[in-house]
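The primary structure of each chain is shown beneath.
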Amino acid sequence: MDTNLPKRRAANDLSQEALADAVGVTRQTINAIERDRYDPSLELAFELADYFDCRIEDLFEPPVDDE
Amino acid sequence: MLDTLHSPVETVAASPQRYKRVVYWIFAVGIAGLFAGIAFDQPLAGTIIYLAGTWLGSGLAAVLPRVSEATLIDERDRAVHRRASGLAVNVTAVVVITVVPALYALSAAEIVTITQTMWGGIWAISAFFLLWGGCLFYVDRFQ
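Residue numbers (this note's numbering), protein chains in the order written: chain A, 1 to 67; chain B, 1 to 143.
Bear in mind the hints are in silico, worked out from the structure with no lab data behind them.
Do not take every clue at face value.
Listed below are the simulated DMTMM-like cross-link pairs for lysine to aspartate or glutamate, each with C-alpha atoms no more than 25 angstroms apart in a straight line [said to hold, decoys possible]:
(1) B:20 - A:17
(2) A:7 - B:75
(3) B:20 - A:65
From the derived model, a few chain A residues whose C-beta atoms are all more than 12 angstroms from chain B [as the list claims (entries may be wrong)]:
(4) 4
(5) 12
(6) 13
(7) 24
(8) 40
(9) 53
Label pairs and their in silico Cβ distance ranges [as the list claims (entries may be wrong)]:
(10) A:61 - B:87: 50 to 58 angstroms
(11) A:53 - B:121: 55 to 63 angstroms
(12) A:4 - B:89: 35 to 43 angstroms
(13) A:53 - B:17: 53 to 61 angstroms
(14) A:7 - B:125: 29 to 37 angstroms
(15) A:7 - B:17: 21 to 29 angstroms
(16) A:57 - B:24: 37 to 45 angstroms
(17) A:50 - B:66: 23 to 31 angstroms
(18) B:24 - A:47: 41 to 49 angstroms
(19) B:89 - A:7: 34 to 42 angstroms
Just so you know, these numbers come straight off a predicted model, no measurement behind them.
Ideal placement from N, C-alpha and C gives every residue a C-beta, glycine not left out.
My request is simple: use the sequences and hints to build the entire structure.
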């Protein structure tokens, strides 16, 4: 799942560690989300959207279906 | 909460990577101790090291995430564990489905003899899958 989390983080001058602390996960999880190696739970996606004061769709883009 | 704990524990509980590394190493030392005890004909000493390692490792694995102010385990760790467990069950199932009926057939044809040890393994794996089925039912219905 594509995400613009790194851009959002950069815009807020926020490290992965700081964001992880803010939403209650490890830095490795934020890193995995940003590298498209882990899709967050709905709960975490809401936490992230809430933190950045935006909608989940503003942070994550579902994979494009070729069919 | 960590104020009441000793410094080494605080250090381990401060970072998820350090926490995992320490817990895995304690388990590894326990298991290595068991094999060393067997290899050097000191089974009691090996068993004591094994018990100490597994109990200490399990205790730290269970307690530290609860007492640490840092997030040591999160949803991704749990997802990784679930996937690894699922993969292990699937691999075991494939091996069992492939090997056990073949063993029965070869035994019936008197080409191989299923030894007591092999029967023990078959019973243990059968018991494991029975347990897995029970867990599947419980999680599906009650969780």
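We went through each hint and held it up to the structure:
1. B:20 - A:17: holds (18 angstroms)
2. A:7 - B:75: holds (23 angstroms)
3. B:20 - A:65: Since the Cα atoms of residue 20 (chain B) and residue 65 (chain A) sit roughly 38 angstroms apart, the hinted pair is violated (cutoff 25 angstroms).
4. 4: The claim holds: residue 4 (chain A) sits with its nearest Cβ about 20 angstroms from chain B, beyond 12 angstroms.
5. 12: Label holds. Min Cβ-Cβ 20 angstroms, cutoff 12 angstroms.
6. 13: Nearest chain B Cβ is 22 angstroms from residue 13 (chain A), so the label holds.
7. 24: Nearest chain B Cβ is 6 angstroms from residue 24 (chain A), so the label is violated.
8. 40: violated (7 angstroms)
9. 53: Holds, since 22 angstroms exceeds 12 angstroms.
10. A:61 - B:87: 50 to 58 angstroms: Distance hint for residue 61 (chain A), residue 87 (chain B) is violated at roughly 28 angstroms.
11. A:53 - B:121: 55 to 63 angstroms: With Cβ atoms ~57 angstroms apart, the hint holds.
12. A:4 - B:89: 35 to 43 angstroms: holds (37 angstroms)
13. A:53 - B:17: 53 to 61 angstroms: With a Cβ separation near 31 angstroms, residue 53 (chain A) and residue 17 (chain B) fall outside 53 to 61 angstroms, so the hint is violated.
14. A:7 - B:125: 29 to 37 angstroms: violated (50 angstroms)
15. A:7 - B:17: 21 to 29 angstroms: holds (26 angstroms)
16. A:57 - B:24: 37 to 45 angstroms: For residue 24 (chain B) against residue 57 (chain A), whose Cβ atoms are near 39 angstroms apart, the range 37 to 45 angstroms holds.
17. A:50 - B:66: 23 to 31 angstroms: Given range 23 to 31 angstroms: holds, Cβ gap about 25 angstroms.
18. B:24 - A:47: 41 to 49 angstroms: violated (29 angstroms)
19. B:89 - A:7: 34 to 42 angstroms: With a Cβ separation near 40 angstroms, residue 89 (chain B) and residue 7 (chain A) satisfy 34 to 42 angstroms, so the hint holds.
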